[in-house]
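Enquirer: Using the sequences provided together with the hints, build the complete structure.
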Amino acid sequence: MAKHALRLVAVAYVLFLLVLPVILIVWRTFGDGLGPFVEALTSPSALHAFKVTVTVAGWAVVANTVFGVLTAILLVRHRFPGKRLLGAFIDLPMAVSPVVVGLALILVYGRFAPFGGLLESWGIQVIFSTPGMVLATVFVALPLVVRAIVPVLEELGDEQEQAAHTLGASRLQAFIRITLPGIRWALGYGIVLCLARSLGEYGAVAVVSGRLVDQTQTLTLFVEERFQNFDQPAAFAAATALALIAVVTLLLTKLLRPKDRIDGN
Amino acid sequence: MRVRRLGAIAAAIVATTTLVTACGGGDNAAGGDGGGKVQLALVAYSTPQAAFEDVIKAFQQTPEGKNITFTQSYGASGDQSRAVANGLKADIVEFSLETDITRLVKAGIVAEDWNSGPTKGILTDSVVVIGTRKGNPKGLKTWDDLVKPGVEVLTPNPFTSGAARWNLLAGYGAKSNKGADQAAGLAYLDALLKNVPVQDDSGRKALQTFAGGKGDALLTYENEAIFAQQNGQELDYTIPDATLLIENPVAVTKTSAHPKEAQAFLKFLYTTEAQTIFAKNGYRPVIDGVTGFNWVTPPQLFTIQDLGGWDKITSEFFDSKTGKVAEIERKLGVATEK
Amino acid sequence: MTAITVRPARRLAGGTAAGLGVAVLYLSLIVLIPLAAVVWRSADQGPGYFWRSVTTPDAWAALTLTIGASALVALINLVMGTAIAWVLVRDRFPGRRVLDTIIDLPFALPTIVAGLVLLALYGPQSPLGINLAYSRAGVVLALMFVTLPFVVRTVQPVLLELDTEMEQAAASLGAGPFQTFRRVILPNLIPAMLSGTALAFTRAISEFGSTVLISGNLPFKTQVAAVNIFSQIEGDNTTGAAAISTVLLVVALVALISLDVLQRWGSRRG
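Protein chains in written order, with full-length UniProt numbering: chain A, 1 to 265; chain B, 1 to 338; chain C, 1 to 270.
Careful: at least some of the hints might be erroneous.
Stated by the list, open to error - Lysine-lysine pairs mimicking DSBU-like chemistry, simulated, CA-CA at most 30 Å apart: (1) B:K331 x B:K194; (2) B:K120 x B:K106; (3) B:K312 x B:K324; (4) B:K138 x B:K194; (5) B:K141 x C:K221; (6) B:K148 x C:K221; (7) B:K106 x B:K321; (8) B:K138 x C:K221; (9) B:K120 x B:K312; (10) B:K254 x B:K267; (11) C:K221 x B:K214; (12) B:K260 x B:K66; (13) B:K312 x B:K106; (14) B:K214 x B:K324; (15) B:K331 x B:K178; (16) C:K221 x B:K331; (17) B:K106 x B:K254; (18) B:K134 x C:K221; (19) B:K148 x B:K331; (20) C:K221 x B:K324; (21) B:K120 x B:K260; (22) B:K138 x B:K148; (23) B:K57 x B:K267; (24) B:K148 x B:K134; (25) C:K221 x B:K321; (26) C:K221 x B:K194; (27) B:K331 x B:K141.
To be verified - Have a look at the derived ranges for each label pair, beta carbon to beta carbon: (28) A:D32 x C:L186: 48 to 54 Å; (29) B:K194 x C:G129: 28 to 34 Å; (30) B:I287 x C:L128: 47 to 53 Å; (31) B:P197 x C:W51: 25 to 31 Å; (32) C:E165 x A:P181: 35 to 41 Å.
No lab work stands behind these hints, which were simulated from the structure alone.
Backbone N, C-alpha and C define an ideal beta-carbon position, used for all residues, glycine too.
Expert: Laid out in structure tokens, this is it:
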């Protein structure tokens, strides 16, 4: 009896908090059919937003993947003082509010800030422009690839790489032929997480973007701006597109997750 | 098996993304990627977005505007002005208040003679109106109605929003006999602000809050009220007998990389065509020759000059430390440190 | 979600220093120096100004609302998260796998979209007739949404690993199901429950996007700290923004250090 009550409570909670709101939006978006949805998403502003989002997220994922693999190997296979500190620093972005991320970047890369001023004199504008948004996105998604790879690297152990070395393989060869394939599922998982986080970032880019419609407006910023301009159809359409991407992400991570069973037997 | 399914999904995502990006890149030739086209940056306050989008399209149909693309940024007037002062690139700026342009003059971004033209640098006019729910159930029509007990009035924070200053000065001017009786005017503002439950950051945000169901009345620009009505919002508005003429200034920046094109755009803004577009969006034109609209002139319309001019008013009323409005706001616990 | 645990490994000559240098440079340029700049800037005009910035009526209201609502939401998650994890692991019903997948939705969904969907169902145009917009309840709702997975995902693995022998032994000795839960199962779950709660709390105090639409951001009433900071940044009050940000960072740090301590306590218990 208690079992059924608990089940009901748990399911109802998730239903009313997560499922129903999302379904409602999708419902409202497609209320008049597929036409308005496609129309809203192919307007010049929406397409621009897609482009900006994909560009920014793309760069962020590439950067964090390279950093992630490098750092995971460092943490697992190398020995040096301050390892725990490095690990803690890598986790730091999880605890920082997106708005604070934006502020932090402005203070260092804004026009009147030390690095920012230097970069401006070289003709590179960071804040109010794409590089700033990439930095903000890199910040918030930083730990994701590392965290995904480290446990798997640990489990794999390095016997195979060592064996390859004795057989004359260079470090790079060992890395490409042994390490990478060994971690490929975890790497894929980490990349998908990083991509999803990057596509969905809102707060940090809101601060550094300067609200330049059609220029530095990501899809998430587009949702908010359209909503504030009473353009519900466009806002809902973009929101639905993002929700669909989120669902695809969920499915992908389910497939890729290194250990994922709820049976436990 | 798993790999194949995974590969299919991954391929689908990659395909969709590339398709969208390719479409985005191809479709929109006006997408700021240079290649011989001049790009102008317009930075403006929150309300004229819809108007400018149409004006820009019209400009791009003219010979002068053919090869010019635009980036646009909209937000609270004070915040946008500060952003430009802090490095936000702008070729043309349009704000709610003159002081937001003056800030840029002081920062060396706008030339000192920006307002020496025939319209004194003003692009559009409007008036402060009292917005209410459809049908005006509480019968709020005059300044006195707004200070009745239990009435909730929305107006933004005057330390971030240009609209808020227009609103408050309209009430002040109406109740102080165009500035003659300062004590009466300030007493009115005191009473009015007590009836304001929340002060949003910008005029547009205050409209959003009102549209979301909060408040009985909204002090706003006439053009914002019209914009809301045009977008299906259930809102009526009344023009009080005594109210303030809102004048929104525009300027090109000294730091513009394309001064010629920026000037061309500025000139276009004063043509009948552009001013008609502004009129369609609820603004009152500043040139003669715009026909087809019926603008009601309030019997006791006054201007910011009648009240002493922006410089005097800003330092006397809105100085964040010593201003009279700042004092009132602090008593209510509202942030003035901006 | 576990913090990174590392084991010492044998040294690999040469590459360590270079790799470490690159990693540290990347981290410094993107994370460490900017965050240090925030703290530095907050102290820019002395401790007095710092205190005044944090205690202005709207900043103080935002901080107390944020911490209060986050604590409430963390507690709600403590209970509901454990309940959901229990149902996912110990129960069997059609759709259980779907439920398990959906739980992670708040991780994948952009916060602004979360705000929009909540506004649709619980705002002025709600088909349910509930209007939580412009209220603190709306803020709590948004925070509940974004923190849903945290406790579930920390408790679930522990429940999976749990050896049912002790429960069976307790049952054979005559203990009822609640007794068994309270005395046998719960003690093993508590470290995971608490660490998930700490994570949920930290996430909640940082939240920005989902509250922007449904709460209406009424200063003093429904404005959370992150929105207040945003407003200060826009208003060019960077020192004030940095001060409030530093407070948030310190609170988050305290929560996370407690989490670290809890995890070590948990692993010592075996």
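Enquirer: Does each hint hold? Answer for all of them.
Expert: Okay, the hints, checked on the actual structure:
1. For the hint linking B:K331 to B:K194, the alpha-carbon distance of about 10 Å falls within 30 Å, and the restraint holds.
2. Pair hint B:K120 plus B:K106 holds up; C-alpha atoms about 18 Å apart against a cutoff of 30 Å.
3. The straight-line distance between the Cα atoms of B:K312 and B:K324 is roughly 12 Å, inside the 30 Å bound, and the hint therefore holds.
4. In summary, the hint linking B:K138 to B:K194 is supported, as the alpha carbons are separated by about 18 Å, within the 30 Å threshold.
5. For the hint pairing B:K141 with C:K221, the CA-to-CA distance comes to about 28 Å; that is within 30 Å, so the pair holds.
6. Pair hint B:K148 plus C:K221 holds up; C-alpha atoms about 23 Å apart against a cutoff of 30 Å.
7. Taken as a hint, the B:K106 and B:K321 pair is honoured in the structure, with Cα atoms around 20 Å apart against an allowance of 30 Å.
8. Between B:K138 and C:K221 the alpha-carbon distance is near 25 Å, which keeps this suggested pair within the 30 Å criterion.
9. For the suggested pair B:K120 and B:K312, the alpha carbons sit about 18 Å apart, so the restraint of at most 30 Å is met.
10. In summary, the hint linking B:K254 to B:K267 is supported, as the alpha carbons are separated by about 16 Å, within the 30 Å threshold.
11. Restraint check: the Cα-Cα separation between C:K221 and B:K214 comes to about 13 Å, which is no more than 30 Å; the hinted pair holds.
12. About 14 Å separates the Cα atoms of B:K260 and B:K66, which keeps this hinted pair within 30 Å; it holds.
13. Restraint check for B:K312 and B:K106: satisfied, since their Cα atoms lie roughly 16 Å apart, inside the 30 Å limit.
14. Taken as a hint, the B:K214 and B:K324 pair is honoured in the structure, with Cα atoms around 27 Å apart against an allowance of 30 Å.
15. A distance of roughly 25 Å separates the Cα atoms of B:K331 and B:K178; the hinted pair therefore holds under the 30 Å criterion.
16. Of the supplied pair hints, the one linking C:K221 and B:K331 holds, its CA atoms being roughly 17 Å apart against a limit of 30 Å.
17. Taken as a hint, the B:K106 and B:K254 pair is honoured in the structure, with Cα atoms around 12 Å apart against an allowance of 30 Å.
18. About 26 Å separates the Cα atoms of B:K134 and C:K221, which keeps this hinted pair within 30 Å; it holds.
19. Between B:K148 and B:K331 the alpha-carbon distance is near 20 Å, which keeps this suggested pair within the 30 Å criterion.
20. Distance hint between C:K221 and B:K324 is fulfilled; the C-alpha atoms sit about 25 Å from each other, no more than 30 Å.
21. Between B:K120 and B:K260, the direct Cα distance comes to roughly 20 Å. Compliance with the 30 Å bound is thereby established for this hinted pair.
22. Taking the CA atoms of B:K138 and B:K148, the gap is about 11 Å. The hint holds against a cut of 30 Å.
23. Distance restraint check for B:K57 and B:K267: the Cα-Cα separation of roughly 15 Å lies within the 30 Å cut-off, and the hinted pair is therefore satisfied.
24. In summary, the hint linking B:K148 to B:K134 is supported, as the alpha carbons are separated by about 20 Å, within the 30 Å threshold.
25. Of the supplied pair hints, the one linking C:K221 and B:K321 holds, its CA atoms being roughly 25 Å apart against a limit of 30 Å.
26. Taking the CA atoms of C:K221 and B:K194, the gap is about 16 Å. The hint holds against a cut of 30 Å.
27. Taking the CA atoms of B:K331 and B:K141, the gap is about 27 Å. The hint holds against a cut of 30 Å.
28. For the hinted restraint 48 to 54 Å between A:D32 and C:L186, the CB-CB distance of approximately 52 Å keeps it satisfied.
29. In this structure, B:K194 and C:G129 meet the distance hint of 28 to 34 Å, their C-beta atoms being roughly 32 Å apart.
30. Checked against the hint of 47 to 53 Å, the pair B:I287 and C:L128 passes, with Cβ atoms roughly 51 Å apart.
31. Hint check: B:P197 to C:W51, Cβ distance near 28 Å, so the stated range 25 to 31 Å holds.
32. Restraint check, C:E165 to A:P181: a C-beta distance of roughly 39 Å satisfies the suggested window 35 to 41 Å.
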